Amino acid sequence: MNSRRTFLRNVSGAALAAGALSSFPAWARLAAQSGASDPPKIDGPGIDVPGEDGLILRSYRFIDLETPVEYFNTWLTPVPRFFVRNHMHEPSELTADDWRLAVLGEIEKPLTLTLTDVAKLESHAVVNTLECAGNGRSLHRPQVPGVQWGKGAVSTARFSGPRLRDILQRAGVKPAGKHVMFRGLDEVPGKVPPFIRSIPIEKALDSDTLIATHMNGAPLTKHHGFPARALVPGWIGAASCKWLTEIKVLESEFSGNFMSPGYRFPNQPAKPGDAVKPEDTHPLTALNVKSVISSPLDSARVKPGKIAIQGAAWAGEADIAKVEISTDGGASWNTAALGHDQARYAWRLWRYEWKAKPGDYSVLSRATDTKGRVQPDTAEWNPSGYLFNAVDQVKIHVA
Amino acid sequence: MLFAPLLALAASVVFAQKPAVKPTEDLPLGAMQAKANTACLECHEARIILQQRLSKAAWTKEVDKMIKWGAVVDASDHDALVDYLSTNFNPDQPAYSPSRTANEESSKRVNAVRK
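Sequence lines, in order, name chains A and B.
Counted from 1, the first sequence has number 208 at position 208 by the working numbering; the numbering is strictly sequential.
Counted from 1, the second sequence has number 85 at position 85 by the working numbering; the numbering is strictly sequential.
Same shape as in the complex, but just chain A:
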């Protein structure tokens, strides 16, 4: 349904990029369109990371890159602008010819698939908003250890590849098989545990859970898990294991570091700063309801008159019901218009037009999903800083 529109959008994106020597850089034109006047700050030429376009550098070795919120202005995020989260070093020697995917565990018939085998399976496409569980970690108080993501460890792409279900059905899952484990080829420094996680069999057999080989129609790039990754839509990014090399059907949940103590959330709200016992936590699965303002940018100076307040909103496995905007610090709320591009696990872009008089404003956005979940004023603090989803806020100066 959306392919033509998306195609046109991609073409216009390419045209923008191709006009590199025109008088205004792309950010200035985008900012001008949205009413914001402050460009994102890029000091000097930036640090060269081939294939990546103006992202926030959280770590160079291993690589962690955040998407600046001003890039949340296209429904599909171009791959060079898609955030990158690595726990460890990327595989140094991994070629399409040598790569193998092993399927084993509680199955009738173990399989070893080549990339050619995978490519022969029926391909399915899912537009998914992928968000790191730690997105917004730097905004929790008190601060907690981990990559100090701002608001942009989230992006949206059309992922495609065979359904995990089709591969599991070929292998024949035994009745004892209740969880499906993914092992990535991340290169582990020191004695760091390998990147292994598992998902319940129900989610593994869902028709939208993929072994993705493509992103926005092109083969996965190395930063995004070439040649194949899991794609567990609507769930925290860590579920979608990159550089996938092994799928193992287990009787019970995998118990290694990245399932416990990693990626767990308190069963009951914790007092900010308190420790939480492991037995009082559960593994993170689906994402929260959330919206982020992409324009105007925080601290922007904006001219009085019509201002487009824009952003994106998502809710994991649920749909966005509405996004409300406040231009008076939360005293009153107005409903934003939702963009027409939509898919089950994808964010909705939204827009609210506001006639601004000179002054200083606190602009807020608040999303509500179809399960009735509402973005809270304060995110639930937890020791690892996961799932930050407080009402978003930018302060702007209209003059």
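Mixed in with the good hints, there may be bad ones.
As the list claims (entries may be wrong) - Straight line, CA to CA, 25 Å or less: simulated DSS-like cross-link-like pairs of lysine-lysine: (1) A:K191 x B:K68; (2) B:K65 x A:K191; (3) B:K22 x A:K191; (4) B:K56 x B:K22; (5) B:K61 x A:K191; (6) A:K222 x A:K120.
Said to hold, decoys possible - Computed footprint of chain B on chain A, listed as stretches where at least three residues anywhere in the stretch have a Cβ under 8 Å from a Cβ of chain B: (7) 45-59; (8) 140-152; (9) 183-191.
These aren't lab readings, by the way, just hints derived from the structure by calculation.
Quantities reported herein were computed from a predicted structural model and do not represent experimental measurements.
Yeah, the Cβ is synthetic: ideal placement off N, Cα and C, and Gly gets one too.
Following the hints, put chain B in place on chain A, whose structure we already have.
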């Protein structure tokens, strides 16, 4: 006249390129800098540390976790390393300001000038 904007662009790019951009950052000076370099930066770069704002208790937990994961820290250096980290990267320090990767615009300009 036609080339004036390009020349201006070339000049600005040369200017912008002057300070060579080092992809990784350094840990701050201090008695434990060298030890922290070997203990921590063997596996990850300094930015992972520079962006943290943690209490001494939280730094102690992090250091102990990293030792478990293979960081080589002499027992006699343990407390000094925790002090070094919590002195430099505690919640009272100003927020860390991250760099950006090159964007398409800046990369293309640099390449055009190099030709």
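Going down the list of hints, with the structure as the test:
Simply put, A:K191 and B:K68 have alpha-carbon atoms about 7 Å apart, close enough for the 25 Å limit, and the pair holds. A C-alpha spacing of about 11 Å is found between B:K65 and A:K191, which places the hinted pair at or below 25 Å, so the restraint holds. Restraint check for B:K22 and A:K191: not satisfied, since their Cα atoms lie roughly 28 Å apart, outside the 25 Å limit. Distance restraint check for B:K56 and B:K22: the Cα-Cα separation of roughly 30 Å exceeds the 25 Å cut-off, and the hinted pair is therefore not satisfied.
A hinted pair counts as satisfied when its Cα atoms are at most 25 Å apart, and B:K61 with A:K191 qualifies at roughly 17 Å. Straight-line distance between C-alpha atoms of A:K222 and A:K120 comes to about 21 Å, which keeps the hinted pair within the 25 Å bound. For the region 45-59 of chain A, the proposed coverage by chain B is satisfied: 13 residues have a C-beta within less than 8 Å of a C-beta in that chain, meeting the threshold of three. With a threshold of 8 Å between beta carbons, the proposed coverage of the region 140-152 of chain A by chain B holds, since 6 of its residues qualify and at least three are required.
With 3 residues having a Cβ less than 8 Å from any Cβ of chain B, the region 183-191 of chain A passes the three-residue criterion, so the hint holds.
Checked against the numbered hints above, the structure breaks hints 3, 4 and satisfies the rest.
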